[in-house]
Amino acid sequence: MLPRRTFLIVTALLSGAIAVPAHAATIQIVMDNLVVSPAQVTARVGDTIEWINKDIFAHTATARNGDFDVAMPPKKTVTSVLKKAGTVEYYCRFHPNMKAVLTISP
Amino acid sequence: MFVRLSAAIAALSLLGGAALAQGAKPTDPQIAHIAYTAGVIDVAAGKQAITKASNKDVKAFAEGMVRDHEAVNKQALDLVKKLKVTPEDNDTSKTLSKQAADKLAELGKLKGADYDKAYIANEIAYHKAVNGALETLLIPSASNAELKSLLQTGLKLFQGHQQHAEHVAAGLK
Ligand SMILES: [Cu+2]
Chain A
1 MLPRRTFLIV TALLSGAIAV PAHAATIQIV MDNLVVSPAQ VTARVGDTIE WINKDIFAHT
61 ATARNGDFDV AMPPKKTVTS VLKKAGTVEY YCRFHPNMKA VLTISP
Chain B
1 MFVRLSAAIA ALSLLGGAAL AQGAKPTDPQ IAHIAYTAGV IDVAAGKQAI TKASNKDVKA
61 FAEGMVRDHE AVNKQALDLV KKLKVTPEDN DTSKTLSKQA ADKLAELGKL KGADYDKAYI
121 ANEIAYHKAV NGALETLLIP SASNAELKSL LQTGLKLFQG HQQHAEHVAA GLK
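Chains as they are written, first to last, in our numbering: chain A, 1 to 106; chain B, 1 to 173.
These aren't lab readings, by the way, just hints derived from the structure by calculation. The reader is advised that the hints may include incorrect statements.
In silico SDA-like cross-links for lysine to any residue, where the CA-CA straight-line distance does not exceed 25 angstroms [what the hints assert, rightly or not]:
{"hint": "1", "chain 1": "A", "residue 1": "Lys99", "chain 2": "B", "residue 2": "Ala170"}
{"hint": "2", "chain 1": "A", "residue 1": "Lys99", "chain 2": "B", "residue 2": "Ile124"}
{"hint": "3", "chain 1": "A", "residue 1": "Lys76", "chain 2": "B", "residue 2": "Val43"}
{"hint": "4", "chain 1": "B", "residue 1": "Lys82", "chain 2": "B", "residue 2": "Ala145"}
{"hint": "5", "chain 1": "B", "residue 1": "Lys74", "chain 2": "A", "residue 2": "Arg93"}
{"hint": "6", "chain 1": "B", "residue 1": "Lys173", "chain 2": "B", "residue 2": "Glu63"}
{"hint": "7", "chain 1": "B", "residue 1": "Lys156", "chain 2": "A", "residue 2": "Val30"}
With the Cβ distance kept under 7 angstroms, some of the chain B side facing chain A (calculated, not the full set) [said to hold, decoys possible]:
{"hint": "8", "residue": "Asp78"}
{"hint": "9", "residue": "Gly160"}
{"hint": "10", "residue": "His164"}
Model, not experiment: these values are computed from the prediction. We treat Cβ as the ideally placed atom computed from N, Cα and C, and that holds for glycine.
Chain B on its own, in the form it takes in the complex (with noise of 0.2 angstroms):
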């Protein structure tokens, strides 16, 4: 479990510093896709949370990342529209939902307290590589002011859902 969660990560900051290097910045219309995408694989993580977790407090905690995660789409969603902006697929996006189905997968085959231990797990590591890829290179690449204070927010939301994270999991030892 171990080694697939700091893969999940390598490969985030991995994504992060490839499109540095190349001096590839991502575009607004990938920016939106990407950030549209950590949002639906952290939905789609709560909704079998709620389904397979025991402990009380993580079955809270996932309703609050679905309940989020659904409110802040919806608002990139009105406003890429506004913006007559077209999210565009890209190999973060990509890379993102494969690794994030296979955790899927993975957590699907743990029961009772080793499911509740590893999800929150994934969600600490997961909120910390989103933020990193956020602060370091989503915010600073997107052009539109707008979409930059949208992401903005989504840093926040994504910083208190992992120190969220963290209160639960230090309640489960």
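Excised from the complex, chain A in its bound form (with noise of 0.2 angstroms):
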């Protein structure tokens, strides 16, 4: 009884520090009158960005280098979670004048 007790515990903690990092944190994003804010962000991988969209318009964070593409629908939030270190510049790929830079450490 006891060992397999003992068992579970170290597994659920195992595989509870490999779900959820202690780290992992989400970061909100917010579009409001084609102006990203803040327009300078850091993160780490494994965090969660909540791109917030306020606007009555369709945006989109597209990175400059591939590393992700988000579509957000008029007046809501999407979320995506951060899979690639580096230093990546966005920008809006229907109003270009819309521009950010996300820093994400490991």
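Fit chain to chain and form the complex, with the hints in mind.
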């Protein structure tokens, strides 16, 4: 009984540690009146970005290096998880005057 | 085509200049009408492009124009209703509509890559001209704060579209 219970706890701890890294955070980036804010964000691989589009227009967050391309319908919030480290400049394909930078550490 | 294009731009800036020279700033009801008309014109051009464009980036751009300008014009209608302002037709709106109708007919005669290039070139010129009118005439003349703020959003939108059009044009060469 006891060894089996210990085994279960260890398994739970291990899988927990793998599924939810202690530092994983959720970061909000807002598109409002064709402005991205904050324009500069630092994050880590594994963090979730909550892309909040307050506009009546569709926007995208399109990485110049091709690392991500997130579509945001009007008045919707979408989420994406950061998978790769790097300093990524991104813009909106529909309104290229909307630009920002995400700095992702490993 | 280039003669027509520059004529359209000249007319837009002339109108702005003429109104300023007379010292007669457009009123809020006139400004609302001009801004709304500018959107309607680009929606009509976009709808024509959706049926005529052969390049997929050009078609996607046109779909974006219809989507964005319909959305912002709906917001404009909601605002004038709320402010109890009745948009007032005026010479600038009339000239813009007339020129746009001519341009639509002219583009309607073109086909394939020729059409795509001419449509995008006109979109760049048109958005540039409207940006100029917004910056130098319409925004400074607007007296209602909410109208001014909507025009400022409109300016950012038109600037974004101009850059988008420039990207698409670069890809056509
Ligand atoms: Cu956008």
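Structure-based check of all given hints:
1. Annotation: proposed proximity of Lys99 (chain A) to Ala170 (chain B) holds, straight-line Cα distance about 19 angstroms (limit 25 angstroms).
2. Between Lys99 (chain A) and Ile124 (chain B) the CA atoms are separated by roughly 20 angstroms; this keeps the pair inside 25 angstroms, and the hint holds.
3. Restraint check for Lys76 (chain A) and Val43 (chain B): the C-alpha separation of about 24 angstroms stays at or below 25 angstroms, so the hint holds.
4. The straight-line distance between the Cα atoms of Lys82 (chain B) and Ala145 (chain B) is roughly 13 angstroms, inside the 25 angstroms bound, and the hint therefore holds.
5. A C-alpha spacing of about 23 angstroms is found between Lys74 (chain B) and Arg93 (chain A), which places the hinted pair at or below 25 angstroms, so the restraint holds.
6. Taking the CA atoms of Lys173 (chain B) and Glu63 (chain B), the gap is about 21 angstroms. The hint holds against a cut of 25 angstroms.
7. With a CA separation close to 16 angstroms, the supplied pair Lys156 (chain B) and Val30 (chain A) stays within the 25 angstroms bound.
8. Nearest Cβ of chain A to the Cβ of Asp78 (chain B): about 10 angstroms, over the 7 angstroms cut. The hint is violated.
9. Given the 7 angstroms rule on beta carbons, the hint for Gly160 (chain B) holds: about 3 angstroms separates it from the nearest Cβ of chain A.
10. The restraint placing His164 (chain B) at the interface with chain A holds, with a minimum CB-CB distance near 6 angstroms, inside the 7 angstroms limit.
Hint compliance for this structure: hint 8 is the single one not met.
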